[in-house]
Amino acid sequence: MSPYGIAQILLYFGVLTALAIPLGAFMARVYRGERTFLTPLLDPVERVVYRVAGVRVDDAMDWKRYAIAALIFNVLGAVVVYFLQRLQGILPLNPQGLGAVAPDSAFNTAVSFATNTNWQGYGGEATMSHLTQMLGLAVQNFLSAATGMAVLIALLRAFMRNQSNTIGNFWVDLTRSTLYILLPLSLALALALVSEGVVQNFNAAQNVPLLESAEVVTPGKGGAPQRTQTLTEQVLPQGPAASQVAIKQLGTNGGGFFNVNSAHPYENPTPLSNFLEVVSILLISAGLCFAFGNLVNDRRQGWAIYAAMSAIFLALTFCAVTAEETANPQLTALGVADRPGNMEGKEVRLGPVNSAIWASVTTSASNGSVNAMHDSFTPLGGLVPMWLMQLGEVVYGGVGSGLYGMLMFALIAVFVAGLMVGRTPEYLGKKIQAYEMKMASLVILIPPFVALIGTALAVVLDAGTAGVSNPGPHGFSQILYAFSSAASNNGSAFAGLSANTPFYNTALGIVMWLSRFWLMVLVLATAGSLAAKKNVMPSAGTLPTHTPLFVVLLISTVMLSGVLTFVPALALGPIVEHLMLFTTR
Amino acid sequence: MDFIFLLLLVALAASTWGLVVLCSRLTGSRP
Numbered sequence: 001m002s003p004y005g006i007a008q009i010l011l012y013f014g015v016l017t018a019l020a021i022p023l024g025a026f027m028a029r030v031y032r033g034e035r036t037f038l039t040p041l042l043d044p045v046e047r048v049v050y051r052v053a054g055v056r057v058d059d060a061m062d063w064k065r066y067a068i069a070a071l072i073f074n075v076l077g078a079v080v081v082y083f084l085q086r087l088q089g090i091l092p093l094n095p096q097g098l099g100a101v102a103p104d105s106a107f108n109t110a111v112s113f114a115t116n117t118n119w120q121g122y123g124g125e126a127t128m129s130h131l132t133q134m135l136g137l138a139v140q141n142f143l144s145a146a147t148g149m150a151v152l153i154a155l156l157r158a159f160m161r162n163q164s165n166t167i168g169n170f171w172v173d174l175t176r177s178t179l180y181i182l183l184p185l186s187l188a189l190a191l192a193l194v195s196e197g198v199v200q201n202f203n204a205a206q207n208v209p210l211l212e213s214a215e216v217v218t219p220g221k222g223g224a225p226q227r228t229q230t231l232t233e234q235v236l237p238q239g240p241a242a243s244q245v246a247i248k249q250l251g252t253n254g255g256g257f258f259n260v261n262s263a264h265p266y267e268n269p270t271p272l273s274n275f276l277e278v279v280s281i282l283l284i285s286a287g288l289c290f291a292f293g294n295l296v297n298d299r300r301q302g303w304a305i306y307a308a309m310s311a312i313f314l315a316l317t318f319c320a321v322t323a324e325e326t327a328n329p330q331l332t333a334l335g336v337a338d339r340p341g342n343m344e345g346k347e348v349r350l351g352p353v354n355s356a357i358w359a360s361v362t363t364s365a366s367n368g369s370v371n372a373m374h375d376s377f378t379p380l381g382g383l384v385p386m387w388l389m390q391l392g393e394v395v396y397g398g399v400g401s402g403l404y405g406m407l408m409f410a411l412i413a414v415f416v417a418g419l420m421v422g423r424t425p426e427y428l429g430k431k432i433q434a435y436e437m438k439m440a441s442l443v444i445l446i447p448p449f450v451a452l453i454g455t456a457l458a459v460v461l462d463a464g465t466a467g468v469s470n471p472g473p474h475g476f477s478q479i480l481y482a483f484s485s486a487a488s489n490n491g492s493a494f495a496g497l498s499a500n501t502p503f504y505n506t507a508l509g510i511v512m513w514l515s516r517f518w519l520m521v522l523v524l525a526t527a528g529s530l531a532a533k534k535n536v537m538p539s540a541g542t543l544p545t546h547t548p549l550f551v552v553l554l555i556s557t558v559m560l561s562g563v564l565t566f567v568p569a570l571a572l573g574p575i576v577e578h579l580m581l582f583t584t585r
Numbered sequence: 001m002d003f004i005f006l007l008l009l010v011a012l013a014a015s016t017w018g019l020v021v022l023c024s025r026l027t028g029s030r031p
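Protein sequences appear in the order of chains A and B.
Be aware that the first sequence starts at 1, since it is given in the numbering used here, and climbs by one per residue.
Be aware that the second sequence starts at 1, since it is given in the numbering used here, and climbs by one per residue.
These aren't lab readings, by the way, just hints derived from the structure by calculation.
Fair warning: there could be bad hints in the mix.
Derived DEER-like restraints, expressed as beta-carbon distance ranges [as the list claims (entries may be wrong)]:
1) A:V216 <-> B:L7: 42 to 50 Å
2) B:A14 <-> A:V460: 27 to 35 Å
3) A:G335 <-> B:V10: 57 to 65 Å
4) B:V10 <-> A:G99: 21 to 29 Å
5) B:V10 <-> A:R51: 25 to 33 Å
6) B:L7 <-> A:G97: 25 to 33 Å
For every residue, glycine included, the Cβ atom is placed at its ideal position computed from N, Cα and C.
Generate coordinates for the entire structure from the input sequences, incorporating the hints supplied.
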């Protein structure tokens, strides 16, 4: 790896950590209901929201009420997004005059944005009106992220409560997450992005003359002659992009305003905008580790989780950057320059290092925005983002969902390691018993189950293989990536797969839903069980969970789970492709 | 077509609700 690559990764990690620590302390104060510098401004707004919605702050819910509230809220959100898409042709703020989105695509998108996945089978600028983008997609970006944060806070509260039936109030947690954390950060980031040149207006697309005309040759299909067109003008899409880009990164949503996401110069125009966006992707998820330490009154616990996540993230990011700094040997043999590395599918202004770091970051978080085409990565460069998703999106992960997923892994690590060395399975003062293990096991097993079953169906059905653009191991990777992305609520894609079809829209929609809301229920059930337990004081028999030993145990649990479930499938896709690419002469 | 996809959405929501019920019964049986 080049010194430039190493420096970029270390700079990124240093800035992320430096920002995440104070943000974590701030978020802990927000969730404790303590005064912050935003309280004078936002407290009146918060009170109005509660008064209008009829919410009582002191109305603590048991886990079932909490789960049902989250479920109903998100179902309604999905229904609203569905109808916005279907009716956009007769609704305002549609300067392009775009028609209704097809029902299967509308279903997929509605589920995708309600589940914080933001898988996009459509091209934003050619499909969605400004109203749909703003009122449907951007609003869901806030609310789905806030839902994940609320569920996490409920779980953390459960560790702190002693023999309690309640885990907090969903509406209060949702409101505070949105009002105090997501909105202010998004406003600041959106303004910074506008200053860098990200568009923010309500204009229709503009046709502008090209400085130099271009000839496009389209090969004929089925024996038809090839077609040559001379292009003299280009369409420049417009719209309220900056406001949506800010929350898509901060809320680990990832859905691009434009089809090519953050590879588009109007969504990510400069090196500074690229750095701001890539830091924003992990900022809240990393900060929540430190908020966790604050909230459980033991900052070492937060550092231990952060260390485990960071170790996996850094190791895999180094692998991805190394892979992308390696040129395609078959292109090199044709005389293509081997520096700066694999440039296919990458923006020249960003290059392989920034593209590979982004790919690792966006798949560590359940973000899914891209600044390069993952389909064009080297086989091992593409394996890293795929595997980061398949680990369960717990290496920072989605806002809220990443940490609650990692805490379920921690329960398993405590249980297994405790039994191996004869220690009592306890975590943060709660005894870990059969019920918690059942819930944690299901949380870990459901995503790979739905991802692998979905992949298997797609490779045996004509409707599945019809979308593959590149047969062979790479085509298998395209399908595996799509279902892994949906099952981990990530949303990024090997964009070579044509997934805007009834089969993929429906299958991926179902996978996204099950992975998000079934897991949420299991986590809240665990929270309910933990809250009801008596807090026990640490004893000589308690396994410490803030030590380097526990960090290693946690990393091993996450990695082992990922290896056992997905490596056989990965061997059929990127690993075979790597061997073919680097051994075929 | 709208009816089919809305029905699918309702079915997914119902399955999630069912999971809440199932987990709460398991909680009840916890010693």
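For each hint, the structure was consulted:
1. A:V216 <-> B:L7: 42 to 50 Å: Since the Cβ atoms of A:V216 and B:L7 sit about 43 Å apart, the hinted range of 42 to 50 Å holds.
2. B:A14 <-> A:V460: 27 to 35 Å: holds, 28 Å
3. A:G335 <-> B:V10: 57 to 65 Å: holds, 59 Å
4. B:V10 <-> A:G99: 21 to 29 Å: Given range 21 to 29 Å: holds, Cβ gap about 26 Å.
5. B:V10 <-> A:R51: 25 to 33 Å: holds, 32 Å
6. B:L7 <-> A:G97: 25 to 33 Å: For A:G97 against B:L7, whose Cβ atoms are near 30 Å apart, the range 25 to 33 Å holds.
In summary, this structure violates none of the numbered hints.
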